[in-house]
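Assemble the whole structure, with the sequences as input and the hints as a guide.
Chain residues, written in single-letter form:
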Amino acid sequence: MGTLVKKAREQLRINFNDDAPTRRKKLLNILLIVMMGALLSLILAFFVDLLVHSSSPSIINEDSLAILKFFTAVGVLLLTYIISNKVSSKPAAAIMLASLVLIIFFSDSLENIVNGRTSAVFTVPIALSSLIAPPITSIILAIIITASIAMIGGITGIEPNDILIAVNLLVAFIVWLLAYTLERSISNARQNQQNVTFYKDIFSHDINNILQNIKGTGDLINIFLQDGDMEKIKEFLSAISEQASRGASLVMNIRKLSELENARVIPRPIDVVQMLQETIQATMSTFMRKKISIDFTPPEGSWLVDGHDILRNVFENIIQNAIVHNEQDLVTIEVRLSREPFPGNDHGAIKIEFLDNGIGIMPEIKDRIFQPGMARDRKSSGLGLGLSLVKNAITQLGGIISVTDRVDGNHENGSNFIIYLKEARHADG
Amino acid sequence: MPTGKILIVEDDIFLVELYRMVLEHAGFEVVGSATNGAIALDWIDKNNDKPDIVLMDYRMPVKNGLETAKEIRARKVGSHIILATADHSIVDKVNPAEIDIVLEKPFPMEELINVAKRMIGRI
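Chains as they are written, first to last, in our numbering: chain A, 1 to 429; chain B, 430 to 552.
In short, the hints are calculated from the structure, not lab data. Each residue gets a CB set at the ideal place from its N, CA and C atoms; glycine is no exception. Accuracy of the hints is not assured; some may be wrong.
Claimed, not checked - From the structure, some residues in chain B lie toward chain A, with a derived Cβ separation under 8 Å:
| no. | residue |
| --- | --- |
| 1 | Leu447 |
| 2 | Met450 |
| 3 | Val451 |
| 4 | His454 |
| 5 | Asp516 |
| 6 | His517 |
| 7 | Lys534 |
| 8 | Glu539 |
What follows is the structure in structure tokens.
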């Protein structure tokens with residue numbers, strides 16, 4: 001029983017972290033439960049009335065019919081609730097709105113529906129639609145209702161009430177505007193909250209890790225000082241310096257990521273061959289204690305892309321990940337360059353591939369590793385900040401980045417990071 | 430007196446080497462290392478000589494420290510488990526039946542040595 005209540009509470013409680021579809025689904029569930037409760041109360045009231053007026057057979061018949069109608073309505077609501085939670089909230093919302101519109105259409109005479117006050121009642125499903133469906137639904141629903149009223153008016157010769165139709169359309173517009181603005185605001189606020197969590201996460205986790213390395217190396221120096229092993233001590237001092245550089249690089253990446261979120265990168269022609277060569281050289285010198293083989297044969301000719309200095313960080317991040325997330329005695333990275341059409345259009349593109357023999361990326365997280373919030377999760381530790389920065393930078397340059405397995409279908413044999421960048425139109429810059 | 434066999438599970442390769450040097454200097458035997466929980470479990474399954482202590486990071490690719498600890502316990506290996514984490518927010522989520530002790534990074538190496546010695550009865 002407790003589990004059921006807990007489950008129901010989860011299905012109904014609207015949280016700030018809920019995305020728009022989840023929020024709509026919960027609102028629909030609340031609405032359905034409230035309506036079911038109201039109808040069941042009415043049924044109860046009818047039963048009480050039935051007992052009080054049991055001597056009058058005519059009342060019993062009318063009440064029985066009404067109760068039957070109410071039970072049918074409860075059944076429809078219950079079915080909608082089940083569809084919402086077991087299938088999808090979209091058809092459930094459609095059933096709910098269609099039922100409400102039909103009930104209004106059949107609740108009164110045609111004359112009142114077309115030109116009477118009843119047509120104003122349509123504002124109810126129009127307003128509700130913006131809560132349980134995407135905001136634009138309110139306008140679509142208002143147009144459908146208006147067209148139906150006009151059609152009925154045309155067939156029956158009843159003149160539609162222009163003012164009430166205008167009211168319906170105006171309500172739809174206002175409701176759409178409010179719902180749209182609210183959804184945008186919530187979405188922005190959620191994004192900001194995710195960013196705060198993301199940066200907090202980096203500072204609490206990554207910085208602590210670097211501090212651990214520095215502190216631990218300091219402790220080791222103390223140990224080896226007692227042993228008088230000066231060679232080891234020199235090595236540890238250099239390691240502390242490396243860790244400090246790692247911390248500085250982390251801080252720089254955080255700053256760049258933050259800047260990328262707030263500004264636009266203006267592309268300029270970049271010689272991708274030269275940049276790759278420089279990055280490879282710099283990275284190799286950073287990981288002197290690992291056996292690394294980076295295979296990059298610079299092709300001849302001009303390889304200019306619509307790029308930016310940030311590309312250096314992109315290449316650095318990908319190569320460093322390939323080295324760090326690697327358990328082989330010899331880390332091998334192959335960098336390939338080719339000219340290909342830009343995916344989806346005719347623009348010439350330069351395709352850059354980084355094939356490594358690292359631990360690879362599990363299929364279920366391939367789609368998420370570039371997402372800032374998601375990338376810091378438990379299955380992709382250590383890849384997060386760099387790859388968020390990489391994705392953001394490539395997107396800002398109008399490029400595309402993706403990751404596949406180095407050996408198709410076997411992620412354990414390493415990864416292949418593929419970048420498409422637009423070829424610079426004006427080679428002379 | 431047992432020397433104390435230790436398996437290091439940590440995705441920061443620098444820290445793996447650091448742990449190895451400190452622990453070996455203190456007389457422990459580092460029998461293996463793994464960069465994530467899945468590799469650690471594989472190591473345990475393939476080696477008959479089980480570690481006395483598993484020194485494990487929390488946040489790692491593929492399988493994190495808490496998930497790995499749960500699976501180590503399910504295998505009834507009998508190892509002590511030290512969870513070393515930079516993510517202090519998970520300390521409250523730790524199940525004492527699965528994790529013997531949590532070390533919050535950054536911690537002094539002396540603390541690690543003392544904890545490990547206590548676990549194998551050298552203190």
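Q: Could you work out which earlier hints the structure fails to respect and list their numbers in ascending sequence?
A: none
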